[in-house]
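Peer 1: Single-letter residue listing:
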Amino acid sequence: MTVALSGGEIAARLEERFPGSVVESGQDSLLVKSESLRAAAGFLKTAPGLEFDYLTAITGVDYYDYFEVVYQLTSIRHNHSLVVKARCYGRDNPALPSVVGLWKGADFQEREIYDLMGIRFEGHPNLKRIVLWDGFTGYPLRKDYL
Amino acid sequence: MEIEERAGLYIYSDTQLDKEEGERIEALKASSQQPLPDPDRWLDEELRRHILLTSVDAVLNWARRSSLWPVVCFPACCAFEFITTAASRFDISRFGMEVIRGSPRQADLMITAGTLTWKMAPQVRRIYDQMAEPKWVIAMGACAISGGIFASSYSVVPGYSRIIPVDVYVPGCPPRPEALLYGIKLMQDKIAKRSIITEV
Chain H
1 MTVALSGGEI AARLEERFPG SVVESGQDSL LVKSESLRAA AGFLKTAPGL EFDYLTAITG
61 VDYYDYFEVV YQLTSIRHNH SLVVKARCYG RDNPALPSVV GLWKGADFQE REIYDLMGIR
121 FEGHPNLKRI VLWDGFTGYP LRKDYL
Chain E
1001 MEIEERAGLY IYSDTQLDKE EGERIEALKA SSQQPLPDPD RWLDEELRRH ILLTSVDAVL
1061 NWARRSSLWP VVCFPACCAF EFITTAASRF DISRFGMEVI RGSPRQADLM ITAGTLTWKM
1121 APQVRRIYDQ MAEPKWVIAM GACAISGGIF ASSYSVVPGY SRIIPVDVYV PGCPPRPEAL
1181 LYGIKLMQDK IAKRSIITEV
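These protein sequence lines are chains H and E, in that order. Residue 125 in our numbering sits at position 125 of the first sequence; the count goes up by one each step and never skips. Residue 1182 in our numbering sits at position 182 of the second sequence; the count goes up by one each step and never skips.
Everything labelled a hint here was simulated from the structure, so no lab data went into it. We put the CB at the ideal spot given by N, CA and C, even for glycine. There's no promise every hint is true.
Residues of chain H clear of chain E, computed beta-carbon distances all greater than 10 Å [said to hold, decoys possible]: (1) G8; (2) E15; (3) G20; (4) E51; (5) D53; (6) D62; (7) H80; (8) V83; (9) L102; (10) P140; (11) K143.
Quick list of in silico lysine to any residue cross-link-like pairs, SDA-like style, CA-CA up to 25 Å [to be verified]: (12) E:K1119 - H:W133; (13) H:K128 - E:M1120; (14) H:K143 - E:D1038; (15) H:K143 - E:A1132.
Label-pair ranges, simulated between beta-carbon atoms [what the hints assert, rightly or not]: (16) H:N126 - E:Q1130: 30 to 40 Å; (17) H:D92 - E:W1118: 24 to 34 Å; (18) H:D144 - E:I1197: 52 to 62 Å.
Only chain H is shown next, with the shape it has when bound in the complex:
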């Protein structure tokens, strides 16, 4: 069984490397600043002892005040996992840095979130619609859709 690492312990290591990058952390997850998301993700992927080499899933959540994107990371080498979150504010043009450069598997999932929730991922190599058709207006998975 994959061991779910505590967000708090990882947050301490991240803070040591990138001061001010972690907004909050808890038993289950840690929340990083959107500006330092890419640096933190790169650290989590390569840091000795962590080495999260596999991105299980990316999820977008609409909390009305902000959008939260949840990254489920897994290390196949060490058989442990971690949940990292990042937030972006504003409903008109929310954006987050892309992690496709680190995990190829993020490609389609970021496109899906872009398509259905309208969050742009800066640095994505091919950010276009994946599920809906050209000409569809609105973002169906936002809470205020309909």
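Fit chain E to the supplied structure of chain H, relying on the hints for placement.
Peer 2: Positioned in the frame of chain H, the structure of chain E alone reads:
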């Protein structure tokens, strides 16, 4: 003198040969006073037993409804009920339908087994357009009839009738194989009422 010697060479004399020839001709003439019967006359009784007079409509409709070939159009979960219908327990081949075609050009019935999204709709329309006339459509399941529980969704077509003309609706979520078979029988009854006069 020479003539008599030559005549002696033959067993029968010329007069006897002429007489026998005359007798054969007379006998043939006597037995040929009536014309010979038509050599095909023996067929009459058999043919009378093998020819069935009917209307063109009845024959065409019988052929069409007895060999409906469905095209593959299984976008969602109703497909499993259709597969069950085709398998040995319910056995769709009893109705001449076991040949489920991958190519719409060889099919004349579309059983729409599943939810249709707007993004998939052009493809279904295209498959229908590629089917050769005459062709029919059975809308199978709640999604095919009205969009089902997804009817108000942003991405689901509320019923195949928005895309293609539907002949028979089979309700259920999903319909049981018996329901689909009943729908197929209704389809066959409908085909039986067609007339080629109306087909322009």
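Peer 1: Taking the hints in turn, state whether each one holds.
Peer 2: Taking the hints in turn, this is what the structure says about them:
1. G8: Given that every Cβ of chain E is farther than 10 Å from that of G8 of chain H, nearest at about 40 Å, it holds.
2. E15: With a cut-off of 10 Å, E15 of chain H remains clear of chain E, as the shortest Cβ separation is near 42 Å.
3. G20: holds (40 Å)
4. E51: Holds, since 39 Å exceeds 10 Å.
5. D53: Nearest chain E Cβ is 34 Å from D53 of chain H, so the label holds.
6. D62: holds (15 Å)
7. H80: H80 of chain H is indeed farther than 10 Å from all Cβ atoms of chain E, at 37 Å.
8. V83: About 29 Å separates V83 of chain H from the closest Cβ of chain E, which puts it past 10 Å; holds.
9. L102: L102 of chain H is indeed farther than 10 Å from all Cβ atoms of chain E, at 30 Å.
10. P140: About 5 Å separates P140 of chain H from the closest Cβ of chain E, which leaves it inside 10 Å; violated.
11. K143: Answer for K143 of chain H: holds, closest chain E Cβ roughly 14 Å.
12. E:K1119 - H:W133: Measuring from Cα to Cα gives roughly 7 Å; hence the hint holds.
13. H:K128 - E:M1120: Within the cut-off at roughly 19 Å; holds.
14. H:K143 - E:D1038: violated (91 Å)
15. H:K143 - E:A1132: Violated, at about 46 Å.
16. H:N126 - E:Q1130: 30 to 40 Å: holds (32 Å)
17. H:D92 - E:W1118: 24 to 34 Å: holds (26 Å)
18. H:D144 - E:I1197: 52 to 62 Å: The hint (52 to 62 Å, Cβ to Cβ) holds, given that D144 of chain H and I1197 of chain E are roughly 57 Å apart.
Violation of the numbered hints given earlier is confined to hints 10, 14 and 15; the remaining hints are satisfied by the structure.
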